[in-house]
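Trainee: Chains as they are written, first to last, in my numbering: chain A, 203 to 549; chain B, 203 to 549.
No wet-lab data here; the hints were simulated from the structure. If a hint is listed, it holds; no wrong ones were tucked in.
Treat identical chains as interchangeable: a pair holds within one or across any two.
Think about it this way: if two alpha-carbon atoms lie no more than 16 Å apart in a straight line, the pair counts; the simulated EDC-like pairs of lysine to aspartate or glutamate are: (1) Lys-320 with Asp-407; (2) Lys-398 with Glu-413; (3) Lys-320 with Glu-467; (4) Lys-520 with Asp-535; (5) Lys-440 with Asp-481; (6) Lys-320 with Glu-243; (7) Lys-538 with Glu-522; (8) Lys-287 with Glu-533.
Number of protein chains: 2
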Amino acid sequence: MKKAPLRFTFLPVLALMLVIPALAQQLKFAELGGFRLQSGETIRDCRLGYRTFGALNAEKSNAVLFPTWFTGTTKDLVALIGPGKLVNSSKYFVVAIDALGDGVSSSPSNSKLQPRMKFPRFTIRDMVNAERELATRILHLSHVRAVMGISMGGMQTFEWMVAYPDFMAKAIPIVGTPKLTAYDLLLWEAETHAIKADRDWKDGDYTAPPEAGMRTVADIHALALQTPSYRVRQTDPKDFPKFLDSTERETMRGFDTNNWVRQLEAMMMHDVSREFGGDVKRAAQAVKAKTVIVIGLRDHMVNPQPALEFARLLQAPKLESDGDCGHLVLECDGPKINDAVARFLAE
Amino acid sequence: MKKAPLRFTFLPVLALMLVIPALAQQLKFAELGGFRLQSGETIRDCRLGYRTFGALNAEKSNAVLFPTWFTGTTKDLVALIGPGKLVNSSKYFVVAIDALGDGVSSSPSNSKLQPRMKFPRFTIRDMVNAERELATRILHLSHVRAVMGISMGGMQTFEWMVAYPDFMAKAIPIVGTPKLTAYDLLLWEAETHAIKADRDWKDGDYTAPPEAGMRTVADIHALALQTPSYRVRQTDPKDFPKFLDSTERETMRGFDTNNWVRQLEAMMMHDVSREFGGDVKRAAQAVKAKTVIVIGLRDHMVNPQPALEFARLLQAPKLESDGDCGHLVLECDGPKINDAVARFLAE
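All chains should be modelled from the sequences, with the hints used to inform the complete structure.
Mentor: This is how it looks when you write it as structure tokens:
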């Protein structure tokens, strides 16, 4: 009888403690209005989804920008943010950002004025420019502690480094690349062809999702996501049908096909040296951020060679993973990478 | 004036010397009649294409069977046969054999009675059984010095080893596999899906070739044929469109889509342990041939793991290639492999 009221009085406090971080990481939107792209075209009524974690300190010196990977949304980043995780939101004000075309930010799938393939093509630089608008105009940040990202988020990080070198103190591209190789182009071209070969695709104006094409895309994606030896280790041939079915279902359920195509195109155009006359060395010279480059040596989804070369040009430390997880370095070497990132951010 | 007649008298001899090997390697056909498959179905009017090189010795002890790879024909094997090449036709009576479904031997593309997808499904074992008919009934061989083959030819070699262990003294499977892994299944499933998603496929009854599907297949094939680093080394991104175009054209020109599907299915069913209750160890125990197993450690088209395991079970020597050519071990390590095969055959 004595303990009951006590317990009760604590409840609101507990509830509040649970609610505050939950609220902080709720999806918010930055309205950017007409957003002009590198191509000269404009995304009308452009908006960017984002979630913040932790608190900005008084000096406004602890913000970390964390844009999404290909087909990912900020919801997928939540699991990587927090004490002991990839980025510690008890120390940093982490801003997870939905990249253009991800189905949360302005995308072919959600644009009313420019739906589907009417949605203009955008580049990785356009993603970065939109994120900069969010950071400066909406969040009133003129400088951040770090930009970091995984895969296509790593591509955005490389682009941030060369496009706005004074904006961040540190940069952590993870399994990203400063420019695409012929291997990467071949991979994404295969997926593009698979979609466009589907009778239901209809140049993006499909009434039923192009399932046959997306099934092939799911297969191609699964071929490249990890190494062959990972797949052999993980999946007994007799369990293959079950594996294939769940992989295909997950891919088809998860992401709109028009968005898939526009984000693919953004990656295929990606090259940080473009505004430096194609000279990667000059692009590297523009970088001012301290950098740790996380590389999957057996990454078959984003070829590691340009990142290795960029690290050499920057004389930047690399963190290499050679596990058979391939592109999924965090699955093979999560704790090691989390520790290294934490140490680097704290330096 | 004195020399002219001499030269002239030599001409017919020279001409004959040039003609004999040319004739010997001409395409011939073995008529096998109704050929019963493992499934119980029958290939009607079954025939097998083959070419012979060199001469059978008096003891009939120097024959080497050399079946084709996936999508390959015996015409493609010609370049690998001769002194200093993969198999020396001045020492061995080399019988290059067109595997079922390759468009030369009975295939969906050339069967009048069972055209296209009416052509029954066949297995790697069925290929081997048909080749045995050729060897015994047509060529009157009751034993051969060796069976050898590359890729799907290596799969046939593994199947020969367990199915007819007394038939050959030696076996040389090159980048083949005794059974498919989940990775291999994923690769071939991706190609199958790409074909079947094409609106022009029409269950094999296409009027125009399913070009969009085959274009995706070409891309997938090119992704797996060599390693990513090979592609990065060979193809500058600015030359990518030219590379892609020539790769796709070559694939689409080279092989009938129905044949592609039936040979894919044969590979996907391949497992030498099937008649041993799924026990690879028991399958290995059945082998009597001396064996050298040639393996691409970075082979992304036929996963090397089951071949490595089989070599261990046989306690057989391996010849490992770890070049970035991936599946194309002969491109990276041709002279080394040619030498080792020559030494092994001569032992």
